[in-house]
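Start from chain A and add chain B according to the hints.
Which chain is which? The protein sequence lines are A and B, in order. First residue of the first sequence? That's 0 in numbering that gives the first Met the number 0, and the numbers climb one at a time after it. First residue of the second sequence? That's 0 in numbering that gives the first Met the number 0, and the numbers climb one at a time after it.
These aren't lab readings, by the way, just hints derived from the structure by calculation. Just so you know, even glycine gets a beta-carbon here, dropped at the ideal spot from N, CA and C. One or more of the hints may lead you astray.
Not close to chain A: a few residues of chain B, all C-beta gaps over 10 Å, as computed [as the list claims (entries may be wrong)]:
#, residue
1, Gly11
2, Leu25
3, Phe32
4, Phe90
5, Trp215
6, Arg247
Residues from chain B that face chain A, not an exhaustive set, calculated with beta carbons under 10 Å [said to hold, decoys possible]:
#, residue
7, Arg75
8, Ile80
9, Gly147
10, Ala245
Distance windows between CB atoms, simulated [as the list claims (entries may be wrong)]:
#, chain 1, residue 1, chain 2, residue 2, range
11, A, Arg124, B, Arg182, 27 to 33 Å
12, A, Arg124, B, Ala199, 27 to 33 Å
13, A, Gly55, B, Gly38, 28 to 34 Å
14, A, Trp48, B, Gly38, 35 to 41 Å
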Amino acid sequence: MSPRLAAAVERLPEYLAWHVLLSAAALMLGVAISLPLAVAAARNARLRWPVLAAAGLVQTIPSLALLALFFPLLLALSTLSEAVVGRGFSALGFLPSLLALTLYSMLPVLRNGVAGVEGVDSAIREAADGVGMTSRQKLLRVELPLAAPVIMAGVRTAAVWTIGAATLSTPVGQTSLGNYIFAGLQTENWVFVLFGCAASAALALVADQLLGLVETGLRRRRRALVWTGAAGLVLGVALALLPLMGFGRPATYVVGAKNFSEQYILAELMADRLERQGARATLKEDLGSAVAYRALAAGELDVYVDYSGTLWTNVLGRTDNPGRQAVLDQLTAELARRDGVRVLGSLGFENAYAFAMRADRAKALGIGSIDDLARQAPRLTLGSDLEFLSRPEWKAVEAAYGLRFRSATTYQPTFMYRALAGGEADVISAFSSDGRIAADRLVTLTDPRGAIPPYDAVVLVSPKRRDDPALIAALEPLIGKIPVEAMRAANYSVDRDAGKLTPAEAARRLETDLGL
Amino acid sequence: MAGPVIELEAVGKRYGTHAALDGVSLAVAPGEFVALVGGSGSGKTTLLKTINGLVAPDAGQVRVAGEDVATVAPHRLRRRIGYVFQEVGLFPHMSIAENIAVTPSLLGWDKARAAARVEALLDLVDLPRAVAVRAPAELSGGQRQRVGVARALAAEPALMLMDEPFGALDPLTRDALGADYRRLHERLGLTTVMVTHDMAEAVLLADRLVVLAAGWIVADGSPADLLADAADPEVRALLEAPRRQAQRLAERFGV
Numbered sequence: 000m001s002p003r004l005a006a007a008v009e010r011l012p013e014y015l016a017w018h019v020l021l022s023a024a025a026l027m028l029g030v031a032i033s034l035p036l037a038v039a040a041a042r043n044a045r046l047r048w049p050v051l052a053a054a055g056l057v058q059t060i061p062s063l064a065l066l067a068l069f070f071p072l073l074l075a076l077s078t079l080s081e082a083v084v085g086r087g088f089s090a091l092g093f094l095p096s097l098l099a100l101t102l103y104s105m106l107p108v109l110r111n112g113v114a115g116v117e118g119v120d121s122a123i124r125e126a127a128d129g130v131g132m133t134s135r136q137k138l139l140r141v142e143l144p145l146a147a148p149v150i151m152a153g154v155r156t157a158a159v160w161t162i163g164a165a166t167l168s169t170p171v172g173q174t175s176l177g178n179y180i181f182a183g184l185q186t187e188n189w190v191f192v193l194f195g196c197a198a199s200a201a202l203a204l205v206a207d208q209l210l211g212l213v214e215t216g217l218r219r220r221r222r223a224l225v226w227t228g229a230a231g232l233v234l235g236v237a238l239a240l241l242p243l244m245g246f247g248r249p250a251t252y253v254v255g256a257k258n259f260s261e262q263y264i265l266a267e268l269m270a271d272r273l274e275r276q277g278a279r280a281t282l283k284e285d286l287g288s289a290v291a292y293r294a295l296a297a298g299e300l301d302v303y304v305d306y307s308g309t310l311w312t313n314v315l316g317r318t319d320n321p322g323r324q325a326v327l328d329q330l331t332a333e334l335a336r337r338d339g340v341r342v343l344g345s346l347g348f349e350n351a352y353a354f355a356m357r358a359d360r361a362k363a364l365g366i367g368s369i370d371d372l373a374r375q376a377p378r379l380t381l382g383s384d385l386e387f388l389s390r391p392e393w394k395a396v397e398a399a400y401g402l403r404f405r406s407a408t409t410y411q412p413t414f415m416y417r418a419l420a421g422g423e424a425d426v427i428s429a430f431s432s433d434g435r436i437a438a439d440r441l442v443t444l445t446d447p448r449g450a451i452p453p454y455d456a457v458v459l460v461s462p463k464r465r466d467d468p469a470l471i472a473a474l475e476p477l478i479g480k481i482p483v484e485a486m487r488a489a490n491y492s493v494d495r496d497a498g499k500l501t502p503a504e505a506a507r508r509l510e511t512d513l514g515l
Numbered sequence: 000m001a002g003p004v005i006e007l008e009a010v011g012k013r014y015g016t017h018a019a020l021d022g023v024s025l026a027v028a029p030g031e032f033v034a035l036v037g038g039s040g041s042g043k044t045t046l047l048k049t050i051n052g053l054v055a056p057d058a059g060q061v062r063v064a065g066e067d068v069a070t071v072a073p074h075r076l077r078r079r080i081g082y083v084f085q086e087v088g089l090f091p092h093m094s095i096a097e098n099i100a101v102t103p104s105l106l107g108w109d110k111a112r113a114a115a116r117v118e119a120l121l122d123l124v125d126l127p128r129a130v131a132v133r134a135p136a137e138l139s140g141g142q143r144q145r146v147g148v149a150r151a152l153a154a155e156p157a158l159m160l161m162d163e164p165f166g167a168l169d170p171l172t173r174d175a176l177g178a179d180y181r182r183l184h185e186r187l188g189l190t191t192v193m194v195t196h197d198m199a200e201a202v203l204l205a206d207r208l209v210v211l212a213a214g215w216i217v218a219d220g221s222p223a224d225l226l227a228d229a230a231d232p233e234v235r236a237l238l239e240a241p242r243r244q245a246q247r248l249a250e251r252f253g254v
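The following block holds chain A by itself, in its conformation from the complex (with noise of 0.2 Å):
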């Protein structure tokens, strides 16, 4: 077995266990609420329009934007609930993932129940009054079991679209197959991409199968089918739950990550050093930029890396650079005082936007800072990333030096480097640690206007683990102890097409490498 195709099944019990826990949980609590709505509504028909017309706008919200709405919703439920009773609760990870999935299974549940009980025959209505039921009778006695075969129907259409859907539950911070597949697309790991689509449909497809042997049981009165169908929901849902037993206790530490390759390495080293330390250590990846620093101040994580530009804009809301080592003095400061938050110190590189341009292009053209670039840009063509030109970084540049291309393109960041080998772009908007720099031989320009806010990685500590002695032992070493080159060689060892390694593998070689 390939080395990559070994560590996704070795993460296959995990991986499924939350999938399958997540959608069934998700099936059951929907198939709760959209049935007793699903009579009322058939029963009433001015309840009828808005029950069915509310559940069909949720599922005209793109799934992953549900998901994501329910983060900050909960948030503030959560600091709601800790001013009122002292208490909050996690708004990351499994209940946004829950309420999200739970709204999206409703709609053909509710439909097919509608369509069920208003189905049934009239003279059986009339039957089932002539001969003395209760209105709740003849519910319980008649329309809902004549109904269930078609309510069958919209419970195997709802699991479909839940375990479908239940992937994109992991950029909220939950455990999900889903994994795989952001992983993969962030690392260019298709072995990952795949496994995770081809685990997620075989899970489908056989939750669709023992449903529709209910349904099938439910349709031809076969007790035994009904029977068999359910029995192999339950053993297969047990099955899939067993490995949780082992990782049901909770983790002493909720390692944080952004979506990219570097995040991962960094992560993969923090949680490996505090299990070396003799604690448990959890990951929780491929969290939005936004999530993850409000996640962190909740306390949901534990530590995890950020970028100070990012922080000095977008959290601080600053636009004015006044230096490295300024930004980051202010950041510590202001994060302690705002949210309880530790900046434990920056790891001893940078990750900024940066101009990055083939090292004989530049040579030829005599371009070696931003100033330079500025005098021949006219005649040039600028490769960039989907949001850099919205960025304030891009407007502050474009003011300092008086930037005007001949032309931009933005890229997928893979194609942009392509482009730029290419020479369809002579300059690119690059990440100053993107290991291609080193590997393209790519040159980046300087800035001498310090236009660009700097961009060190740090690491940041929730507040109730400020003061942890065994977290800040375990990673205080690191601090400024990687250097721009070692990370670009282990982003690169991840990114790269050939010889790929994980982001666990990546991050074992530079421990070792640096010496750590």
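Just chain B now, with coordinates in the frame of chain A:
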């Protein structure tokens, strides 16, 4: 003699501007077999359904065994009254035995009593006991309506309401079932009110005909009396129809 089983007093029912029942009064004595006849839209089905509360009248009062039906919970009322209708409405997800025993089970009868009742009823309506475990879909139309009658009789009601019960059956089955039911009516001492649009059936089965037109009772009496002195020409025409038919049939068969 005991008081009437059913009493309707100036009962009215409107659907929008249309008066389905326009102040109908009627009393039915124990043991009577009453046929409600009339054209479509005459109000005969509406009248029948006011008796077991499937239709709530908006004027007047309906009493069953002396009790105002508006004051009784509808499901309690209906458990005491047998109800048979054209579409039968057997529950497709239940066996024949479960269908027949449905009202007893609602009344909380124990299993053994209900099972014995199912066997007795299958015998009564001339169905083999083996059909008890079958599904409704496996039976013929005539057999299904026999089950419908058995289900209506299951909780031993004294009163049976029938809404065109044999209307959807072929003539032979219809004839046999009608005659069989009439014998049951006698044997069990039932009071029966049956809606039909078939005058021959009404005349053959019932002791008393109640003729409705546009929400009114236009004639009420035994078939023979009505034929003798009904003043209304339409009623006479209605009553003479089966006799004319019988005569023509006799001529053609050369009897």
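Evaluated hints:
1. Gly11: The claim stands: Gly11 of chain B keeps its Cβ more than 10 Å from every Cβ of chain A (closest is about 22 Å).
2. Leu25: Leu25 of chain B clear of chain A: closest Cβ-Cβ about 21 Å, beyond 10 Å.
3. Phe32: With a cut-off of 10 Å, Phe32 of chain B remains clear of chain A, as the shortest Cβ separation is near 20 Å.
4. Phe90: violated, 6 Å
5. Trp215: holds, 26 Å
6. Arg247: Nearest chain A Cβ is 36 Å from Arg247 of chain B, so the label holds.
7. Arg75: holds, 7 Å
8. Ile80: holds, 8 Å
9. Gly147: Hint holds; Gly147 of chain B Cβ to chain A Cβ min 8 Å, cut 10 Å.
10. Ala245: Violated, because the Cβ-Cβ distance from Ala245 of chain B to chain A comes to roughly 33 Å (cut-off 10 Å).
11. A:Arg124 with B:Arg182: 27 to 33 Å: holds, 31 Å
12. A:Arg124 with B:Ala199: 27 to 33 Å: holds, 32 Å
13. A:Gly55 with B:Gly38: 28 to 34 Å: violated, 47 Å
14. A:Trp48 with B:Gly38: 35 to 41 Å: Cβ of Trp48 of chain A to Cβ of Gly38 of chain B: about 39 Å, so the range 35 to 41 Å holds.
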